[in-house]
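Got chain V sorted already, so can you dock chain G onto it with the hints?
Respectively, the protein sequence lines represent chains V and G. Every letter in the first sequence is one number past the one before it in the working numbering, and letter 55, counting from 1, is 55. Every letter in the second sequence is one number past the one before it in the working numbering, and letter 127, counting from 1, is 127.
Hints in this document: simulated from the structure, not taken from any laboratory. Cβ atoms here follow ideal geometry from the backbone N, Cα and C, with glycine treated the same way. Be aware that one or more of the hints could be misleading.
Said to hold, decoys possible - Chain V is faced by these chain G residues, among others (derived, beta-carbon under 8 Å):
1) Thr-108
2) Met-138
3) Asp-139
Unchecked claim - Across the chosen pairs, the derived CB separations fall in these ranges:
4) Ser-163/G to Asp-376/V: 30 to 36 Å
5) Asn-137/V to Ser-163/G: 44 to 50 Å
6) Arg-321/V to Gly-62/G: 42 to 48 Å
7) Met-1/V to His-71/G: 54 to 60 Å
8) Leu-8/G to Gly-408/V: 39 to 45 Å
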Amino acid sequence: MKFYYFHLMPYVMEHDEPSSWVTLSNRFYDPKQGQILYNQYLDQLEYAEALGWDGLCVNEHHQNCYGTMPSPNVMAAMLVRRTSRAKIAILGNGLPLRENPLRIAEEIAMLDVASGGRVISGFVRGISAEYFSTGANPTHSRERFYEAAELILRAWTEPGPFPENPLRIAEEIAMLDVASGGRVISGFVRGISAEYFSTGANPTHSRERFYEAAELILRAWTEPGPFPFDGKYYRYHYVNPWPRPIQTPHPPVWCPSQGSSETVEWAAKRRFPYLMVFTPIKRIAQIYGEYREACQRHGYTASRYQLTVNVPIVVAENDARAAEIAKKNTMWVFNTGLRMHPPFWRPPGYMTEASLRRILQNPPPLPSDLTFEQADREGYIVYGSPATVRDKLKVFSDELKAGIVCSGMNGGSHEATLEMMQLFAEEVMPHFREDAEVDETAGVGR
Amino acid sequence: MPPARRELSIRGTSVHMLSDGAGPPLLFLHGAGGGGRWLEFQERLAKTFTVLSPSHPGHGGGSPTAEWIEHISDLAFHYMDLLDDQRLPRVHVVGASFGGWIAAELATMASHRIASLVLIDPLGIKVDGWIYPFLFGMDIPEVVATVFHNPMAALALAPPDQSPETLALQYRQGTALARVAWNPHLYDPLLRRRLGRIAAPTLLCWGAHDRLAPLSPCGDTWAKEIPGARLRVFAESGHVPHLEEPEAVAQAVLEFCRSEGAS
Numbered sequence: 001m002k003f004y005y006f007h008l009m010p011y012v013m014e015h016d017e018p019s020s021w022v023t024l025s026n027r028f029y030d031p032k033q034g035q036i037l038y039n040q041y042l043d044q045l046e047y048a049e050a051l052g053w054d055g056l057c058v059n060e061h062h063q064n065c066y067g068t069m070p071s072p073n074v075m076a077a078m079l080v081r082r083t084s085r086a087k088i089a090i091l092g093n094g095l096p097l098r099e100n101p102l103r104i105a106e107e108i109a110m111l112d113v114a115s116g117g118r119v120i121s122g123f124v125r126g127i128s129a130e131y132f133s134t135g136a137n138p139t140h141s142r143e144r145f146y147e148a149a150e151l152i153l154r155a156w157t158e159p160g161p162f163p164e165n166p167l168r169i170a171e172e173i174a175m176l177d178v179a180s181g182g183r184v185i186s187g188f189v190r191g192i193s194a195e196y197f198s199t200g201a202n203p204t205h206s207r208e209r210f211y212e213a214a215e216l217i218l219r220a221w222t223e224p225g226p227f228p229f230d231g232k233y234y235r236y237h238y239v240n241p242w243p244r245p246i247q248t249p250h251p252p253v254w255c256p257s258q259g260s261s262e263t264v265e266w267a268a269k270r271r272f273p274y275l276m277v278f279t280p281i282k283r284i285a286q287i288y289g290e291y292r293e294a295c296q297r298h299g300y301t302a303s304r305y306q307l308t309v310n311v312p313i314v315v316a317e318n319d320a321r322a323a324e325i326a327k328k329n330t331m332w333v334f335n336t337g338l339r340m341h342p343p344f345w346r347p348p349g350y351m352t353e354a355s356l357r358r359i360l361q362n363p364p365p366l367p368s369d370l371t372f373e374q375a376d377r378e379g380y381i382v383y384g385s386p387a388t389v390r391d392k393l394k395v396f397s398d399e400l401k402a403g404i405v406c407s408g409m410n411g412g413s414h415e416a417t418l419e420m421m422q423l424f425a426e427e428v429m430p431h432f433r434e435d436a437e438v439d440e441t442a443g444v445g446r
Numbered sequence: 001m002p003p004a005r006r007e008l009s010i011r012g013t014s015v016h017m018l019s020d021g022a023g024p025p026l027l028f029l030h031g032a033g034g035g036g037r038w039l040e041f042q043e044r045l046a047k048t049f050t051v052l053s054p055s056h057p058g059h060g061g062g063s064p065t066a067e068w069i070e071h072i073s074d075l076a077f078h079y080m081d082l083l084d085d086q087r088l089p090r091v092h093v094v095g096a097s098f099g100g101w102i103a104a105e106l107a108t109m110a111s112h113r114i115a116s117l118v119l120i121d122p123l124g125i126k127v128d129g130w131i132y133p134f135l136f137g138m139d140i141p142e143v144v145a146t147v148f149h150n151p152m153a154a155l156a157l158a159p160p161d162q163s164p165e166t167l168a169l170q171y172r173q174g175t176a177l178a179r180v181a182w183n184p185h186l187y188d189p190l191l192r193r194r195l196g197r198i199a200a201p202t203l204l205c206w207g208a209h210d211r212l213a214p215l216s217p218c219g220d221t222w223a224k225e226i227p228g229a230r231l232r233v234f235a236e237s238g239h240v241p242h243l244e245e246p247e248a249v250a251q252a253v254l255e256f257c258r259s260e261g262a263s
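Chain V with its partners taken away, still in its complex shape:
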């Protein structure tokens, strides 16, 4: 016989309320206590593997003190990396409770791959109360369940949204925030153009849905529940997610974007850091300028930690070797990684007509057409010896005054990448550490 260790992750408490589900206000949830519990519970599951249990079970329930795992996939993700042998049985996902079943297919597949095939995927409809706490229509539940299950199975087996229920996002980020002791930063994005083809989401609603979903998530994190939300795209009678995030008033929110003026304005107004991804330096400077101006207009001066950038970095023993690696590995990201059937770049209604007209005046090159020489000249990439990379990054830190550089590396092999990371950490990073004592998330992103 096999033995699986099953956890509910309850928030054990006494109360006099009529219901432990749906309406039990999340004011009763103490995130500090939640952090201790999550970590104890995860310790228990990890220990179960060490003691010889064959499998570990996580499950899904919403808005209650009975089980604080609204997203079993989040907990499974933590277990995947801390265990090596045990099966991980994910005894959600409530298929009709999620708007886009492909998202489930994607997440389970991620866990399955990362765990080396240890995942068991539950398919459930969710118990009765879940239809009150998620706003899903119970009269469609069985039909949606069958349709979602079929879609997930086909997504897994046949060769080949993401506008996910936003309350689900609020729950998942809050779980991670509590379990990590408040180390989570939450990006809010619309998804790039092609995502509207791969998820079926309507791009013409994208901006409006983004604003509405963001508002709902922020309110779910900050206002004591339960409260009703009656939007155009999302409607709930009971918004009351357990857990609440540990960071106050909520985890910092970042806006990765390509520089549309509407998003610049929205992020600046809310003090959300703006992350420019894979953009030439001149355009970063221009958008940072617009962002700073917008912040002034909203009555404050942008912190440098609101200006962030994602630029690929290659560091090697000398410039020539770095150029060689960049040509091969970094340009792959643009030339192959971002190669796209042209219609996928421009789904109708994703951009406002004003943004489109601005782009048409001065169309940027398609990433697949970007040459190494142009990427080098215009600063899409940073590469060189440690000294050269230091000089190039000084442009970001001193001229653009970016506060945070997010970047990945690719040395060509796992070992070469680890070596490159070490070289960067030893020879480059220490030269930019004058703010070592500053908490980059203090006072920004919320």
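Chain G only, in chain V's frame:
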């Protein structure tokens, strides 16, 4: 003589309308890309009918986007408003492709206002065993290959140039279409069951080589669902027989309206 161009305001929504001819009124509802164009098909109909050819809001002819239009039924109500505005109690309705979808929605709501209904390769219903190819994921050559049996006929809808202004207007049209037809793609899940309500005499015109909504199973399904509908097939056409065989389709429309004695 060129058709009269009129700018209307229909319950606050700007509409660009072309019209010409004399005789009983006929409302022509164009397909995607057909807004603001007066082509041979309309010209031929105008010999017998007063042809009213409005652009759907956001669909060319300079008609601005109407943000309130978010569902195909919004367009059907919009055309009821237009008939009211023009004081037309009863008209012939001809709709092609996307326009056929709107016309069918309109007919399920208000058959009593339709003297006769002609649907040319209409979209709009879920057909068992068929998924409409995803137009929004296609580049122009793919769209042309999907829609036209005779690609030369596509020249009638070709944009004048590739200027930013033209591209922006095309984007506006694509957006107006996507607002109501992205997902579900090109159909309203509720429409098929409602087709049984259509009481107007109905002619279905279908291109034998339609690759977007093939005669079998799409045309067959429409013929089965609309009570008493007649089906005529055009041998040299794809999805847009009124552009590919304008003379034959116009003739079929005239004959049908005459035979129904309603003209």
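Structure-based check of all given hints:
1. Because the closest C-beta pair between Thr-108/G and chain V is about 23 Å apart, greater than 8 Å, the hint is violated.
2. Interface hint status for Met-138/G: upheld, as the beta-carbon distance to the closest one in chain V is roughly 6 Å, under 8 Å.
3. For Asp-139/G, the suggested interface contact is upheld, since its CB lies about 6 Å from the closest CB of chain V, less than 8 Å.
4. A hinted range of 30 to 36 Å for the beta carbons of Ser-163/G and Asp-376/V is consistent with their spacing of about 33 Å.
5. Restraint check, Asn-137/V to Ser-163/G: a C-beta distance of roughly 47 Å satisfies the suggested window 44 to 50 Å.
6. At roughly 58 Å, the beta-carbon separation of Arg-321/V and Gly-62/G lies outside the given 42 to 48 Å, and the hint is violated.
7. Taken as a hint, the range 54 to 60 Å holds for the pair Met-1/V and His-71/G, whose Cβ atoms sit roughly 56 Å apart.
8. At roughly 56 Å, the beta-carbon separation of Leu-8/G and Gly-408/V lies outside the given 39 to 45 Å, and the hint is violated.
Violation of the numbered hints given earlier is confined to hints 1, 6 and 8; the remaining hints are satisfied by the structure.
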